[in-house]
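Enquirer: Sequence order for the protein chains is A and B. Position 465 (the first sequence) corresponds to 451 in our numbering; numbering is contiguous. In short: position in the second sequence from 1, add 90, done, that's our numbering.
Since the hints were made in silico from the structure, they are not lab data. Glycine included, each C-beta is placed from N, C-alpha and C at the ideal position. A few of these clues could be false.
[Stated by the list, open to error] Just the calculated beta-carbon pair ranges, DEER-fashion: (1) B:Asp192 to A:Pro436: 20 to 30 Å; (2) A:Tyr523 to B:Phe109: 27 to 37 Å; (3) B:Phe109 to A:Val515: 26 to 36 Å.
[Stated by the list, open to error] Mimicking SDA-like on lysine to any residue, the simulated pairs with C-alpha atoms at most 25 Å apart in a straight line are: (4) B:Lys235 to B:Leu169; (5) A:Lys504 to A:Leu63; (6) B:Lys235 to A:Glu444; (7) B:Lys239 to A:Pro443; (8) B:Lys210 to B:Phe134; (9) B:Lys235 to A:Pro443; (10) A:Lys148 to B:Asp92; (11) A:Lys228 to A:Trp308; (12) B:Lys121 to A:Pro443; (13) B:Lys235 to A:Asn435; (14) A:Lys148 to A:Leu484.
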Amino acid sequence: MSAGIRFILISEIVIPILLLIFGVYHGVLQVLYRAGIINASSVLGIDYYQGLTLHGVINVIVFTTIFIVAFGNGIVLYLLKKPLRGWSQWTSWVLMIGGTLMSAWAMFTGKANVLYTFYPPLIAHWTFYFGLVLLVVGSLVPFFFDWIPNYIAWKRENPDKKMPLAVFGIFVNHILWLIMVVPVAVELIFQLIPLSLGIVTDINPLLARTLFWFFGHPVVYFWLLPAYVMLYTMLPKLISPKGKLYSDTAARLAFILFLMFSLPVGLHHQFTDPGISNSWKLIHAFFTFLVALPSMVTAFTVAASMEYSAKQEGGKGVFYWWTKLPYIRLEGDKWLFSYLFAGLVLFFIGGITGIVNASYNVNLTVHNTAYVPGHFHTTVGGLSVLAFLGMSLYMLSKLKGTEVKFKGLATLAPYIWTQGMFMFSYAMMVGGALEGFPRRTNTGLSYLNPDSPLYRPEWVGYAQLSVVGGFLLALAFVFFLISFFGTLFSSRQRNIELEYPIAEPLHDSPAPVLNNLKAWTVASVILAVLSYIPALYDTTQRGIFYNSPAYNDKSPVPIKPIKSSGLKKEEVKN
Amino acid sequence: MDRAERNAIFLAVGLLAFFFGLIVYAARGLKIDLPTCITDVQPFKTGQLIQHAPDRYELHVVARMWFFDMNKGQTYVELPRGSVVDIYLTSADVVHGFHINDTNVNLMAIPGTVNYARVKFDNPGEYHIVCHEFCGIGHQDMAAKILVK
Ligand code: HEM
Ligand SMILES: [Cu+2]
Ligand SMILES: [Cu+2]
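The shape of chain A in the complex, shown without the other chains:
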């Protein structure tokens, strides 16, 4: 590996973690604000909603995307054994880091207090949107100029081998990413950036929301599938050197089901929106149930692989093999097991609670309450983030040519995180679903302030429990950071070799149909487009009376009065 590529990979791991420090810091502030322990609108010059924007954008857009590119680079490099191209990697690096800095500037200077969903007519400075576009473009560059050409070259040399499973998962994930960013790019380029620059004076906010969620649901699978790649291909090998993946075919089937059904589901985020017929919402609810299927298949395959692998270590019987899993083990790379295992435990809860959100009319009891962040902190804040943190540390140690430092702390961190998340998510979910505790709100200023006429004492207990959870989460993260920076600043002990513990399958079959990625990609695009035509038609035709001008978060007066739709507004008799 050349020094340049090594620098790129290390920085693609270190930079997201540096940003995540701010993300987690503000996560802890959020629970304090919400419980009224911090009774203020800002701390150290960062306003609650500004910080919440940073928390969302850093944690789930920047950290995830850059890590996923680094992980994909590593997997492709290791399994296809072809060098990555310097020019393509540098282009990608400059675009991603440059874009991140641009958006970060807008957020840190308070010019983008719009949260990570950036719903118009609230509008941010154009650099915020432009930075996100650059980040996304940068994340696609290696896919086109390194991964695909390297695979084609590998295939020419290995005509009768299947694409390695880890590469297959990485490719499915980036194909999905490529499809899903199209609608949000349309929103950014044709609606938000022109509105922000003042080129247009008004836009259709419901259309913008619909385009956003066309991207916004599949993106959660973009965060999840890299973790699934680790569960399928690496978890068995971490349990035992003789560990095996239970079924290669089932794993590929799950990835293909995700490719097909992750897209026609975005309306489940708009169940309570006006202007879209509820029949289309029901169809999207149906596909949402379908996309739960591959996660259930994964639950089976991963459990079966764990059982098989634990039995290679002498585990016996129906239950006793559970005692042979390396829960807290420090030899070699076994510490990584604790990240994947703790993530799995949280994801079990995340999957079940996700079925609640997805359940059409049941959503009315939880929509936009604290239940929703309670749920997704066990998915993206659970399995995804733990798998990514663990893999970041793993790759860092390989790229530095050293053992992981403070391994004990690193091994405990995911369990403490899980315990913290149990308490945090329990508080948020129960308070949200049963008492209507809202999300996205600095409740400490009003609802949880005993001096306010809006005081709601029934929310106090939940908010306080979430503080306890938040502190455990922070403690876990500090343990991780000690180990991470200890490893980063330690000197080289052995050869630098980026390798992964990849398990062989127990059951395997050629499954040529599953491996035809091109055909599945076409089918997925067709299904996604068909599922969105009626909803997009609704948002542009029926129930919409006029467009909206832009607002900033500080004033109820539009930034610029509307010209074009002013006429339409006059026509409407009031």
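Let chain A serve as the given structure and place chain B with the ligands on it in line with the hints.
Expert: Just chain B with the ligands now, with coordinates in the frame of chain A:
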């Protein structure tokens, strides 16, 4: 695929189909349904409570930065118990949320569009309403109330 795996997949499909069946029954049979596309109501700019019959009301709510106009600028309304209310909701500026606690009324207020839900207030009491979508610096103070007597 081996037998255990096939059984697991059948079980998963069966469970999901059962849940989905219940949802469709609740939506179309019990009429616990989601907001849909409303085209027959003109957009409005002021809140209004209109009584159609002793226990039938129409409530026009305008969400704006940073209060709910429930009835000519007021942020609360009173209703007799047992009333059936048709709620129409719109926004005058940015996106807002509208959640009436202890009911199934949970709506987004989107400018340029009218949202709708019907609710029956069987029990007397104070029904708290909060805005649950970020709408600017005054968001955490945006609340309203329905008093059912
Ligand atoms: C110490 C750890 C963390 C704590 C205490 C924490 C706390 C919170 C709280 C209280 C909220 C809700 C704020 C509100 O709705 O008013 C929130 C929102 C959120 N969190 Fe975290 N969080 C943590 C870590 C994470 C991680 C690791 C991720 C993802 C990788 C994450 C992703 C998000 C997202 C996407 C939101 C939604 C933001 C929005 O509604 O705009 N959080 N977090
Ligand atoms: Cu979703
Ligand atoms: Cu609000």
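Enquirer: None of the hints should be skipped; say for each whether it holds.
Expert: These are the hints, each one checked on the structure:
no. : hint                             : result
1   : B:Asp192 to A:Pro436: 20 to 30 Å : 22 Å, holds
2   : A:Tyr523 to B:Phe109: 27 to 37 Å : 29 Å, holds
3   : B:Phe109 to A:Val515: 26 to 36 Å : 27 Å, holds
4   : B:Lys235 to B:Leu169             : 11 Å, holds
5   : A:Lys504 to A:Leu63              : 22 Å, holds
6   : B:Lys235 to A:Glu444             : 16 Å, holds
7   : B:Lys239 to A:Pro443             : 22 Å, holds
8   : B:Lys210 to B:Phe134             : 23 Å, holds
9   : B:Lys235 to A:Pro443             : 16 Å, holds
10  : A:Lys148 to B:Asp92              : 21 Å, holds
11  : A:Lys228 to A:Trp308             : 16 Å, holds
12  : B:Lys121 to A:Pro443             : 33 Å, violated
13  : B:Lys235 to A:Asn435             : 18 Å, holds
14  : A:Lys148 to A:Leu484             : 22 Å, holds
Against the hints set out earlier in the document, a violation occurs for number 12 only.
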